[in-house]
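Engineer: One line per chain: the protein sequences are A and B, in this order.
Per this note's numbering, the very first residue in the first sequence carries number 1; after that it's consecutive.
Per this note's numbering, the very first residue in the second sequence carries number 1001; after that it's consecutive.
Hints are all accurate, no fakes.
Derived BS3-like pairs (lysine-lysine); straight-line CA-CA distance at most 30 Å:
#1 B:Lys-1246 - B:Lys-1256
#2 A:Lys-50 - B:Lys-1173
#3 A:Lys-11 - B:Lys-1010
A few chain A residues that don't get close to chain B, going by computed Cβ distances all over 10 Å:
#4 Glu-57
#5 Leu-62
#6 Gly-63
#7 Pro-65
#8 Leu-94
If you only want the chain A side, here are some residues facing chain B, beta carbon under 7 Å, derived:
#9 Lys-46
#10 Glu-71
#11 Leu-74
I should point out that these hints are in silico values taken from the structure, not numbers from a laboratory.
Idealized CB from N, CA, C, for every residue including glycine.
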Amino acid sequence: MNLNVWEQWKKGYYTWEAATAQLIEQWIRSPLVLGPSGAMLSAMMKVKAKRNEKLAETWGNLGLPTKRDQERSLHLLNQLHSRISDLEERIESLQK
Amino acid sequence: MVKRVLNLFKRVGKKPAVGLTPADVVYRENKWRLLRYRPSNPMHPRLDSPILLVPSLINRHYVLDLMPGKSLVEYLLALGYEVLIIDWGTPTAEDRFLTFDDVCDKALGRAVRKAASYGKSGKVHLLGYCLGGTLTTIYTAVRPQYVASMVALAAPIDFHDDGVLAVWMQNPKFNVDAIVNGYGNVPWQLMQSAFQMMRPTLNLSKAIGVLDKAWDDPFLDGFFALETWGNDNVSFPGECFRRYIKELYQQNQLVKGEFRLSGRPARLADIQCPVLAVTFQHDNIVPHVSAGALVPRVGSADKQQWDLPGGHVGAVVSRKASEGLWPALAEWWRQRDEVARAQ
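Just chain A, with the same shape it has in the complex (with noise of 0.2 Å):
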C-alpha cells in the first residue's frame, strides 16, 4: 500500500474518530440515556437477585447448605484468619 494513501486515510480516521468520541461523550452522559439505561441494569440485577434468593429458598428446604451458607462460612474462616493473625501481631510487639 501507497505509504501516502496510508497517512491520508490515518488523518482522515483520526478527525472522525475525534468527532465520534466527543459525541459518544455527549450522548453517555445525557439523562436520556442514563436514566432508562440505569433503571433497565437495576431491574436485571433484582431479578437476579429474585432468582437467587428463590433458588436458595428450595435448596433450604431440602435441608442443604446454599451457597450463601457456603459464603458465609468461608468468608467467617477467612475473618478468623485474620483475628490470629492480630493476635500473632500483638505477642511478636510485646515480645519486642
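Position chain B relative to chain A; hints supplied.
Structural biologist: Okay, now just chain B, sitting in the frame of chain A:
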C-alpha cells in the same frame, strides 16, 4: 505494510512476559499477598524506609512492573531501594462480604506494618496508584504512625468531578444495592465494559496505531504487555464496592471530611507527612481535578502536586515516564528519607 502485518502475525498466540522482576511472598492472608522484590543492587545505599506500592483493587499489581525496561519496580531496585508491593489477588464468591474497612484498614494496615519492618525507621514510603491512592490516603489520614511519606498517583479524591464515571455513579437510576445484591462481587466484565463505553472507538484506534508501528518490535512488546494487563482485571468485593460508590462517589465524603475508617474519622487535614500528588492532564478515568484535590486539603507542610501530560496508564509506564517521572519520584523519596534521618 505487508512486513508490518507479517510482524504482527508472528506474535499471535504468544503471551507477553509480564511482571518478571523476582520477588518473594513475605506475607499472605485470604487472597492478598505482600511481595518483596529481591534487591538488584545491594551495594547501593538504601532508604531508611522501604517503598510500599499499593495498586488498584481492580487491576493486577504488575502494571508497576510491566516488563524489563518498562518497570518502575526494576528502576527503583537498580537504585538500591527496598520495594514491596501488594498483590490484591482474585476475590472469590465469599469475598462479597469483605468491607471497605477489611481492605483499607486490616489488609493495607497489615501490609504497611509488615513492610515497615524491612526498614530502619519503622515506617514506609507509600505509593498508591489509582484506587490504591485513595486507600493509602484514607489509611494515612487515620493511621499515620507507620507512614514516612505518601505519593498518590492518579488517585481519585474529589469524586464530584466532571468525569464520565462520576456522572454515571451519580445518576439517580444507578442502583448500587441492586448490583451488589444481584452479583455479590461486582464482575470485572461489567467494569471493563463500562470503561470501554467511555470511548468505544478506542480499540479501533489502538488497532490502527499498532498497525502503523508494527515494524517496531520494542513498541509491540510494550503494547502487548500493556494490553495483557488491561484485559487481566479482577472483580470488586461486593460490600467494599457498595461503600466505595455510596460514600465516596455519590456522597463525596472524603473531601467533606465525613468518611470514617473502622469508626475513626478520615480527615485529609490530619495528614501531616510529606505528600506528593501526581495528576495527569489527559486522564479520563481519574480527571486531574479529582486527583488534584488532595494537596490543598492535607495538613502537611511538605506537599507538592505534579500535573503532568499524559493519560491514566501510559504516563506511568511509558518510556517518557522512565526518563521523567520515575527519576523524579526516586529523588523525591531520597530527599524525604534524608530529611527524616536528620531529624
